[in-house]
Each structure stands twice: as structure tokens, then as C-alpha cells.
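The sequence shown begins at 4 in the working numbering and counts up one residue at a time.
Just to be clear, a hint being listed does not mean it is correct.
What the hints assert, rightly or not - Taking lysine-lysine and the DSS-like style, the derived pairs with C-alpha atoms no more than 30 angstroms apart in a straight line are:
id	residue 1	residue 2
1	Lys-125	Lys-106
2	Lys-97	Lys-71
3	Lys-71	Lys-106
4	Lys-97	Lys-115
5	Lys-89	Lys-106
6	Lys-71	Lys-89
Keep in mind that the hints were calculated from the coordinates and are not lab data.
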Amino acid sequence: MTPLGGVDEETGSHKGYGLGVIVEIFTGILSMGSISNDITTKDLHSGPSQSFVAIDPGIFGDKDQIIKRFSAYLQEIRDLPAIPGKTVYVHGDKEALAYEDRKQNGIIVDDKTMAEVVNIAKRLGVDYAELIK
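Sequences are here, hints too, so could you generate the full structure?
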């Protein structure tokens, strides 16, 4: 799978440049955070650069068909040949697996953190009995 269209301009490799600019616009310009040119090796923490966007796919057409097509596309990526013993994931797959694992097996919390949570719950008058199972 060749990312961003190919290895030369005829097959779309120039899309990488445009996507990089879009990322800078959303995460640096619109958020009033740092852009790549602002960050030096001496100043790696020059401010937050984040962006959150919600798009209703229904504005482009039949929402159910778009979701179905997108799901099929993601499955095609998952089905790509992987290194033996490895899995090809798309964004969110590992988090979904971790979520299911935590629902089944709980969340391991170290004693110091648990004591802090219990103290905060006591201070706020929150019933913490469920926390310490």
C-alpha cells in the first residue's frame, strides 16, 4: 500500500505536502498553537497545538452508505498482508481491544493512585466502596 497516492506527482505523491499544510492549519493556525517552523530543538514544548473536528457524513450523501463504504475500506486495510505473527490495525482498533479487555478484566491501579482516589472521594463525600473492589 503506497501512502498518499504514489511515488511521483502523476500518482499523487504531492498530496503529502497538502495534507501536511492542512495539519498545520488545523493544529497550529486555528488553535493558535505552534506550527512546525516555531518549534526548535531547544524549544520542543512551545505550546499546545490541537484540533478537534466533527463532521456529519450525512452532509455528503446517504449516511448509512457512507458508513458502510468506510467500514469496508477499513476492513480492506486490516486484511492487508502483515508480518507473520503481527496484525494490521487501523486507528481505534487497539483502543477498542483494550476497552473490551478492561470491561472483562478491570483496570489495574497501583496502591498509591488508589489511595489518592479514595482520599479525593472521601473529601468530596463520594461513596467509594465500588472503587476498592
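Status of the hints after comparison with the structure:
1. Taking the CA atoms of Lys-125 and Lys-106, the gap is about 25 angstroms. The hint holds against a cut of 30 angstroms.
2. With a CA separation close to 21 angstroms, the supplied pair Lys-97 and Lys-71 stays within the 30 angstroms bound.
3. Our distance criterion of 30 angstroms between C-alpha atoms is met by Lys-71 and Lys-106, whose separation comes to about 27 angstroms.
4. Note on Lys-97 and Lys-115: the hinted pairing holds, with a Cα-Cα distance of about 27 angstroms set against a maximum of 30 angstroms.
5. Between Lys-89 and Lys-106, the direct Cα distance comes to roughly 24 angstroms. Compliance with the 30 angstroms bound is thereby established for this hinted pair.
6. The straight-line distance between the Cα atoms of Lys-71 and Lys-89 is roughly 26 angstroms, inside the 30 angstroms bound, and the hint therefore holds.
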